[in-house]
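Please assemble the complex out of the two chains, which come individually in their own frames, going by the hints.
This is what each chain is made of:
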Amino acid sequence: MNKLLKQLTEATGVSSNEKEIRLLIRDLVDEAVDEWQVDSLGNLIVTKKGTGQSDLRVLIDAHMDEVGLMITAIDRDGTCKFMTVGGIDDRSLLGKVVRVGPKKLTGVIGAQPIHLLKPNQRNSVVKVDAMRIDIGAKSKDGAAKKVSPGDTATFDTMYEEAGDYAFGKAFDDRTGCAVLIELLRRDPFPFDLVAAFTVQEEVGLRGAQVVAYATKPDVALVLECTPAFDLPNERDVSPNVSLGKGPSIYVMDAQAIQDPRLVSHITRTATANNIPFQIRQPGGGGTNTAAIQRAAGGVPAATIATPARYVHSPVSMINLNDFENVVSLADATLRTLNRDLFNRN
Amino acid sequence: MNVFEYLKKLTETPGPSGFEQQVAEVIQESWKPLVDEISLDRVGSLIAVKKGLGAEPRSRILLAAHMDEIGLMVTQVLSLNDSEDSSGFLHVTKVGGVDLRHLYGQTVVVLSSAGPELVGILGSLPAWKLPEDKRNKPFDFDDLVVDTGMSYGELKKLVAVGDFVSFRQPLRKLLNRRATGKALDNRTSVTSITYCLEELSRRNHDWDVIAVATAQEETRLLGAFTSAYALNPDIAIAIDVTFGKGPGATGENTFEIGDGPTLSLGPNYHPGIHKALKEAAEALEMKVHTEPDAGSGGTDAFGIQIARAGIPTGLISIPLRYMHTMVESVALSDVERAARLLAEFVVRLDDQFIGQITDDMMDMKANSN
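Residue numbers (the numbering used here), protein chains in the order written: chain A, 87 to 431; chain B, 2 to 370.
Read the hints as simulated data drawn from the structure, not as lab findings. Fair warning: this is a prediction, and the values are worked out from it, not measured in the lab. The beta-carbon is built from N, C-alpha and C at its ideal position, and this holds for glycine as well. Please note that a few of the clues may not be correct.
[Unchecked claim] Partner residues aside, some chain A positions facing chain B, computed with beta carbon under 8 Å:
#: 1; residue: 165
#: 2; residue: 197
#: 3; residue: 202
#: 4; residue: 250
Just chain B, same shape as in the assembly (with noise of 0.2 Å):
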């Protein structure tokens, strides 16, 4: 696959959480051809599933990489001075972890109920022009609005309290491989696992493999919660991004863009499936890195790892400057390498697996004693 184009079209598709449908087309799309079985869930997550050989009953292992992205939501539709024919302006509130210092200047698209999609950019008036204890402030939500040059008579017919605005963002190319735009968060690791079902379609497994592009991640990972349950994986693998390192960012909790993939450990993740993904990894002779994670909460690994009886779960995260802004970037190079792994990790797996993970936790236990 060429990794730019389809990470283009995944990500310049709108998909703020809650509103996943055309996103979710998208993907699905792309995987038919690729899967046994393909639906979407109640809460909107897609969910395919591609036979492993092995024995029935079959051992199953869930994938999950969340589809929607942060965005914006109508919660006013204001006029300039009341009248119909005067410009009208929407004000609007975030959907996930919206950062307020990047909206002036961005142009989005209003995702109307009622109508065609509107483009609009958020403006507001001029920093001197507003009152004094908001000047040395980033414009906030009571200062920023929507224009889409619609006069209030038009914009009202065509916009309602509660309608969707998605960020618009063309997906570009920088250097050495990169990629810069939108909703990378999540989209690289969608794509990551088109890439891993594709070089899955060329060798053999014996795991039924459960792919899921989870719905609502950003505001409170309801995909992994519902997903997990309903499923009932025996392991997973949730795939994320993590923060790249960058101006601004160079802490330890910071990793190197285009230096290979991490692997989460800590609480929300099984120590088995950690090691089992190191070791698939140095049969690769991938470079990757461990993300030690003292149980933060931020991805769908936390919601999956108590569905039902408990899953074992780990995590794979792309290294991702910018988190949660219109030029979010990654290296082309993570997003293939943690497609590779995952698929490597899938591979290996046997009916052996289960018990060994099991054992390993037992051997713990009797050392510490």
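Next comes chain A alone, as it looks inside the complex (with noise of 0.2 Å):
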């Protein structure tokens, strides 16, 4: 049982409700690393100091929010109304347990039982404003004692393995930041690695965007989940990445275009060190990368990712083998970083 991506995928940490994570997160470095500061953001920043052979600034970092829900209003029958915080498709909602506010309170998102739906409602999408939080509370003051308008909730999963493979929720990224605590606890690296793990990535990755600027890096490396989606499909045979194939390499998402020398440094180092990489096939989505590329001027920045089936979902799914392959690729790019890379000639 991999330990530390079971602490980090069951612990708490909505956007802009870090705390509980950021703290697992201190614990789990603090022995590793010279420094840490946080941030007005909540963002955690740490350094390892290197071992002064090369002076090039170098940030990684890996986002340490999750999608969840936020407790909106409480009804008269004791119930709460709530909505998304990042994205979250309505179909995967129904028939949940979560976990609500500080005390983690346990919740159900139930529906009106099938027996009583008009043929119409069977086959439509309920929508998130007409689901309510069940607490088992009896009225609206009996709710308000225990739970608040502003509280976050998360999906109750637990972490577990099956031979390869690991389920549960916040992958994206939790498997980030297992991978960044690795790479901390290792020797020292030529240069002292300033390591991010930051906030609100899930909300319009604004975390990073401070941190890029306040640290100025000469370099970055976003270490992130990207949803897979190799499932058998009829009309698209290729998937654009795909379980247990290895890391995933950005090259191009929705948002930005990955630095193109850093890319071709990471494939390089992954043939070189016999680990295997898949390009993830250029499309939607976005990383960090987009916010820190563009801060205190401009940065070289690319990103390697762990792919998972389900992201944004109660229960998501990661095959070990890829994540262990993002440790040994992440550690092996870095180790082989020089400025020589990014020169304009």
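Here you go:
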């Protein structure tokens, strides 16, 4: 059992309410880093001193927030109205158990029973504003003693493993956090490594934006978790990325073109070290690279990701070999970084 | 008994209709010390007899609660690209009244006929990757896959078309002694029967009590029809769940949870049994609600009533929120109330009872003429 992934995915940290995951990560890296600080948005920025061989300033980013829910109001019957924080499909919410607020109260998202539905209702999607979280309260006052509007909620999902695969919530992007923690625990790099566990990626890449400005790196590497669409599909036989085929390397997504020099350094490194990798089919999505690359006058940045199925849902899935290979590839990529790679001649 | 812990054990044991053997075993273990005879019948219902103190031949009451739950069944083992080492997936269909709107993102257990139980998750391509006409609908069985993480080669060795799949959901506590989980429809009622048998072991009753955990109620009331025929009781009470008032369910056909069980009245129920249940509730000063039912046929009472030459049958129901989902919710107090009501009803049965409810039928007829 990968204890790090278990701890990180079972902790909560809905965008804007990352305190629990921030404290957990601080404790997990405390002994491996030389200093840590928290900024005004809640980003956790740590520095691991290097061997002094290189004066490159390298930023490595993984976002620690996750998609989730936020309570908006309490109804007369004691059930709670809510909205989604980050991109969650309404279809993934019904019939799920959530943990609400700082006390992690158990709540459920039910719906009228199938027996009482009109035929057209059976085949239509229930919208989030028609759903309620039921914590078992009997009245508005009873519920108000336990939860408040603004409280966040996450899916109540345990981490588990089956063979090479792991099931759990928030692999996006606790896999990135886990990779980063593994790197910080390794031998010093040739340069000082600035590692940022960023907030609010899921609501617009906002944490990384200010970290990049504040740290002004020469180069940045983003560790992510990317949705894999490798399911049987008659119309499209070439999935964007597949589980089990290695780290997924971004070239272009909906928001950014990754730095081509850094991308080719990553793929060359993978080949040289016999680490499998796959180029993620260019297309939708976006990572903190988009925010970092245009901060502080521009920063070359690229993204390495662990592929996951069913992200932004109650339970997603990764291949553990992919995860280990992201650690190896990120490590090898960093250790061979040098200023020459980015010279514009 | 600790109602929550018992219910937890029952609900967490898989038992989709037609695959009741595991849950039957758990129930059998708990009933054995409380009854005189116990056995499984030919269709998988669990039947126990607790003898009464009356003179032979004793009258007999049947208490029926179904132990099966809704679930899924494997229809196809498929691969990503036809190679043995590519990812394997399962397509499934429903067993009983499964609500498609709740399936995406659920965890399931594949009850593999050829090997160990496999954990899987119900996933799909995101809606925007589906054909346009499907994007505004719940994911259906063509889109949903059970994903175990196994390769196609491994998966097809372990899983066959026709294997059962059960939802997996731990029973959890909510505020105010409420519990939430799967299969509370109808393991809550099985729990009420167990609780009732415990109470009867401390009280005297004249009649024989036949407790049945019926099989395949969710698909076609199979266990109700067959056990009522085989056992030929003098009267019967079915125990099931009814619609709890809650978000999206507010009509007259819904009942507050935690406010007492309901007693059904209508074509599927004998008025004399209904009346006697109400009297038993009054004796206990217990709040109950009359549930009018025009003959919906949704419970074991529907099958039992027309077994052989007809059996006077009643129905006690426990209000439950979010029926047929993986977050069904009940108030534990209602489970206990239904049990105490059943026990009180049984204890009050004497050798006049059948005669009385038959006479009442004639009086009603005389009055209406």
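Hints, one by one, checked against the model:
Taking 8 Å as the C-beta contact cut-off toward chain B, the hint placing residue 165 of chain A at the interface holds, the least distance being around 5 Å. For residue 197 of chain A, the shortest C-beta to C-beta distance to chain B is roughly 6 Å, which falls under 8 Å, so the interface hint holds. The beta carbon of residue 202 of chain A comes within 6 Å of a beta carbon in chain B, closer than 8 Å, and the hint placing it at the interface holds. Interface hint status for residue 250 of chain A: upheld, as the beta-carbon distance to the closest one in chain B is roughly 7 Å, under 8 Å.
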